[in-house]
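A.B. asks: If you want the building blocks of each chain, they are given just below.
Protein chains: 2
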Amino acid sequence: MTKKHDPKPECVGRVRAVVDAVRPSVDGGRFAVKRIVGDEMVVDADCFTDSHDVLRVMLRWRTVGGAKFSEVEMVALGNDVWRGAFTLPTIGRYVYTVIAWVDHFASWRHELVRRVDADDVRVAAQVGAILLDEAATRAPASDRKTLTAGAAKLRQGASDAESDPDLLKNLALDETLTTLALAYPERSLEVAYPVELPLIVDRQRARASSWYEMFPRSAAAEPGRHGSFADVETRLPYIAELGFDVLYFPPIHPVGRVRRKGKNNALLAEATDVGSPWAIGADEGGHTAILPELGTAADFRHLVAMASNLGIDIALDIAFQCAPDHPWVKEHPNWFRTRPDGSVQYAENPPKKYQDIYPFNFETDDWIGLWEALKGVFEYWIGEGVTIFRVDNPHTKPFSFWEWVIRELKCEHPQLIFLAEAFTRPKVMHRLAKLGYTQSYTYFTWRNTKRELIEYFTELSQGSGREYFRPNVWPNTPDILHEQLHGGRRPVYVARLVLAATLAASYGIYGPVYELLEGTPREAASEEYRDSEKYQLRHWTLDDAGSLRGLIARINRIRRENPALQHDWNLVFCGTDNDQLIAYAKQTGDNVIVTVVNLDPNHVQSGWVDLDPHAFGVDESAQYQMHDLLTDKRFLWQGRHNFVMLDPALVPAHVMRLRRRVRSERDFDYFL
Amino acid sequence: MTKKHDPKPECVGRVRAVVDAVRPSVDGGRFAVKRIVGDEMVVDADCFTDSHDVLRVMLRWRTVGGAKFSEVEMVALGNDVWRGAFTLPTIGRYVYTVIAWVDHFASWRHELVRRVDADDVRVAAQVGAILLDEAATRAPASDRKTLTAGAAKLRQGASDAESDPDLLKNLALDETLTTLALAYPERSLEVAYPVELPLIVDRQRARASSWYEMFPRSAAAEPGRHGSFADVETRLPYIAELGFDVLYFPPIHPVGRVRRKGKNNALLAEATDVGSPWAIGADEGGHTAILPELGTAADFRHLVAMASNLGIDIALDIAFQCAPDHPWVKEHPNWFRTRPDGSVQYAENPPKKYQDIYPFNFETDDWIGLWEALKGVFEYWIGEGVTIFRVDNPHTKPFSFWEWVIRELKCEHPQLIFLAEAFTRPKVMHRLAKLGYTQSYTYFTWRNTKRELIEYFTELSQGSGREYFRPNVWPNTPDILHEQLHGGRRPVYVARLVLAATLAASYGIYGPVYELLEGTPREAASEEYRDSEKYQLRHWTLDDAGSLRGLIARINRIRRENPALQHDWNLVFCGTDNDQLIAYAKQTGDNVIVTVVNLDPNHVQSGWVDLDPHAFGVDESAQYQMHDLLTDKRFLWQGRHNFVMLDPALVPAHVMRLRRRVRSERDFDYFL
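Protein sequences appear in the order of chains R and U. Under this note's numbering, the first residue of the first sequence carries the number 8, and numbering increases by one thereafter. Under this note's numbering, the first residue of the second sequence carries the number 8, and numbering increases by one thereafter.
It is worth saying that the hints were derived from the structure and are not from the lab. Careful: at least some of the hints might be erroneous.
Put simply, identical chains are the same to the list, so a pair is met inside one copy or across any two.
Heads up, simulated BS3-like pairs for lysine-lysine below, C-alpha to C-alpha not over 25 Å straight-line [said to hold, decoys possible]: (1) K359 with K176; (2) K382 with K337; (3) K541 with K270; (4) K360 with K176; (5) K417 with K75; (6) K15 with K382; (7) K360 with K270; (8) K541 with K360.
If you're wondering where the values come from, they're calculated on a predicted model, not measured in any experiment.
Using the sequences provided together with the hints, build the complete structure.
C.D. replies: Here's what the structure looks like:
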């Protein structure tokens, strides 16, 4: 297919510009790069031509479906690298590419500057006159006259063998003429990078978000009662006080009764057991129904609206699997595998069996019906006001399904955010992020030492995957009570919270167990909570004196007030001379946050932190203030090495804003 | 376009395998990877599927134009990386890709192994029977029977509620049945990597070659006479004694008379001046003619044949530019630019002018005629027996022309070798290598310190560019007499020769100036030779006592006898504790060569060389012999650190073959 900007076939051999390696790109354009609305999109390309002629290079972009390309001229950075940038005005899907051509006018001018021989200047002036006349034919009437007049003047000067070559040269190099001639270039031999690279632009919360996960059924004010959406509404001020902006619920659908699991994952449930919300579907309905105990669709919509008033998005859990009594099992038997005995194939990973869960058979002949039905689940909840989905185990469903469904849905609803809950092998996690997931769970939970954290967050923030993989880091989830959290030691909970909230722009906790320091595992070496809410109702005393709620509220306020913490790519680790002290800085514009965490929950740790004050606009000899936003203490630092001491019994971390002196030696910005 | 291996449209949603990141590849398949005939082509890919099902993955390849794909099964290396390999039987152009599918039989077997419950085993046996029956339908009659019988046996065992599950499991896991069932897989849902990656397979000399450049016109036995092809024939035994396998001539065409340059590039030639061979074309003819003084076409063919008898390829210089009196200037005025005064545009880089050279205007409307004529130049000389071309300044002609002409020519003549003489910016050099040049000149000439050499050769041998960029390194050329070579100091010439010949699989020298230590620059800071052969005849005394001919002959024999020196990728630098001592090892199979060079031409240098004997199959505690192939001296080394001392006044380098003990403590292989 000939694209509009391709040269005509009879001209292809005359094309001399080369555009190579346009970046960023993901797998050569197979997948989209991701950005946030308002971001400056910076694009580099390797562009060159044979010989010494001068190139002009354009960065070109449009929204998908948008008719018109916009263009901005790129500039040469040296070593044949060209750079251009544009600001992303709206959310949605874009494409961009790079165009280049050998510019005869610019080449002529580049040579003319260096000409010294009088005859050469005269010949060059004649050539210039021709080029200006040509530019005039491409210009509108208003500019045509100026160009033609310029050409005539050059021609006249060139024809006079007595004319001063320096004057003639100045005439030819005239700035006004140059600007005009460059504005109407001859582009018939331009070449485009062969790929239009895709770009997805998301809303702000796709990059920076603070998640709170809770089980609505445990939200009742009094112990023993099944919680409801109304109870969650009562809880909203608390969530808002904590400062979270995404409130995420495990599945809210009817829970299967057949082979329902009991407390602590017991194989047989008792009559009063509420079962696992991930065993979705019963007589009352499936993925688009609500468990009656939680409330009605109207209750849900009311809750979504109330949360929205507080700036909180409700995120739903999408788990594409069915309890044996899910209506689809009877309505669409061909969406499941049948065993030779005629029974439906349950989930298994031999020798383990999960007989309360039926996975879908994505190899079904009716895959189109299945895909449409699953898409319909999203569409239903979008209709109910939900724009954020946390998807359960996406890596156990086909990649092509996710690519299709996320693209289709975001095409209609570009504000959607999809978080992939895939705790699996790295390439699988990256594939899910590439094919469209907005955010991804990470290995943060299992990265605990200084070295592990530095390695992993360097990869996340600096590796090539950052173009599409946006981390969302969690110290705990209902499935992962890390060994470090066993026993509920406060310094560990605080340190892990501070790390999550300051290392990553998006993080979350599963509460209220987290703020209440709940840390009892089902068995000693287990990552499962004992008496987990996954299988039973719990009741929580939110105003417990030991709760971290105050600290969490402060951390989230710090995140909101400091743009540096709303980005991932700006992370720079600082050296320390103590392996228990991890330190890192983040800078966005004027805002600089330096975090130091004591990873040892048992002992006071102290040491020297390396920081290059130059990188933050502070002179090496100047003092600067480090304002600890956690404790409101202020420290005066100077130079590259400064001392830190952190007592886990008090607060095991500094989250410090660097404040510079301004204007005069007595004029600190922190006096303002 | 639907490819043969794509699933049918009605099935695309059922495909669950993913093939990603097939490598090696150059720019996602835009350009070809390069290999040598007989090489093992190793291909990796990231392949995975949703869930725990088992994949099977095939590496598939064919020659371009070949009808049939070959396939070899790939194996999982862990972390979702799969690897396959095949040996390259012939030179030419290939494509390869990777295919994967979720294999139901292999998945079933994988699960069965872990099953323990007797009922589960019985159900699994029933499923297995179905899968075996299905495999039978895809098998030829001979195997069908075995599969069907196996299925029946399984079915029978499964139907007997009293059957021993362990026996049933063994029956189901039967090796013969497994092998058969895997041989006839169900592949309707296979998926192919979307790109068929191109691969160019060259002859051996494309990777390892030793070049000798000489001016035929200076080959006369007696001073003052214009040399001829017959004189070069007389010189052939000398070249063969030196051990070179490519003999390269500057252009052999009629030299322009209009604006001919004089000795030392004088603007005006004297009547007797022979001019620059790069000013191509005169009344006698152009790019397909031979300068009459050199001989006839028959003489040339005779020379090519005589060289061939000695294992030497003649390489010609292809310089696409014309002297003002080249016949094409009159025949095809539209292949050149015309200045406003009607004269032809000469080459210039203001304020410099090269009025003896007319460049082609590749933007001409008759670009097709021009391209065909230039291709015809290659074809003419191919007809005369030439298969190696050194192309002059390819970066001043359009990249698209080279991509077309090299592809077209190698399609007909896959044995061709093209060496790009592009001393220019890195991305331009890489582009030329990507688009088809077989070998490339490098920056070696300007890399002289230990650090520079290690950095540059690490990039060349380990960087991603090695898939397409084959270095050919030259200590000198007629255009580059590096400052280090000024004054003709023997230790420098020896050191640079040893470095070139052992760091790179392809290297060359411009002689006889090199072996005769000629090193007088035109001016002090110039890289031009004084009285350069580029502009005048020279006469050389080849049997000069100071000549390096013996050393060169030895170096080239070492290169021929040691496969390790015929590869680039096997280069490993060794630490030394002396910045004047550079050391590196190369290993191919059993052959290990360790080179140490003293970079200081003025002083004896000594130090300790780090070498990991394990990497070469030698136990840390064992002694091993280092046999210096330059001097025939033998050293006993042990462990990781060994002492070296090199006197520039003698030989400033060791080129040592590592020889291991074998079998017993008194049984060294070097006793054999």
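A.B. asks: 25 Å Cα cut-off: does K541 pair with K360 within a copy, between copies, both or neither?
C.D. replies: For K541 and K360, only the intra-copy Cα distance (18 Å) is at most 25 Å; the inter-copy one is 83 Å.
A.B. asks: 25 Å Cα cut-off: does K417 pair with K75 within a copy, between copies, both or neither?
C.D. replies: within (21 Å within a copy, 42 Å between copies)
A.B. asks: Reference check for the pair K360 and K176, CA-CA at most 25 Å: within, between, both, or neither?
C.D. replies: Answer is between; shortest inter-copy Cα gap is 18 Å, intra-copy 86 Å.
A.B. asks: Within a copy, between copies, both or neither: where do K15 and K382 come within 25 Å Cα-Cα?
C.D. replies: between (43 Å within a copy, 23 Å between copies)
A.B. asks: Quick one: K382 to K337, C-alpha cut-off 25 Å, is that within a copy, between copies, both, or neither?
C.D. replies: within (20 Å within a copy, 71 Å between copies)
A.B. asks: For the identical chains here, do K359 and K176 meet the 25 Å Cα criterion within one copy, between copies, both, or neither?
C.D. replies: Classified as between; 17 Å across copies, 85 Å inside a copy.
A.B. asks: Could you figure out if K541 and K270 sit no more than 25 Å apart (CA to CA) within one copy, between two copies, both or neither?
C.D. replies: within (8 Å within a copy, 92 Å between copies)
A.B. asks: At 25 Å max between alpha carbons, let me know whether K360 reaches K270 within a copy, between copies, both or neither.
C.D. replies: Within one copy only: 18 Å inside a chain, 90 Å across chains, cut-off 25 Å.
Violated hints: none; the structure is consistent with every hint.
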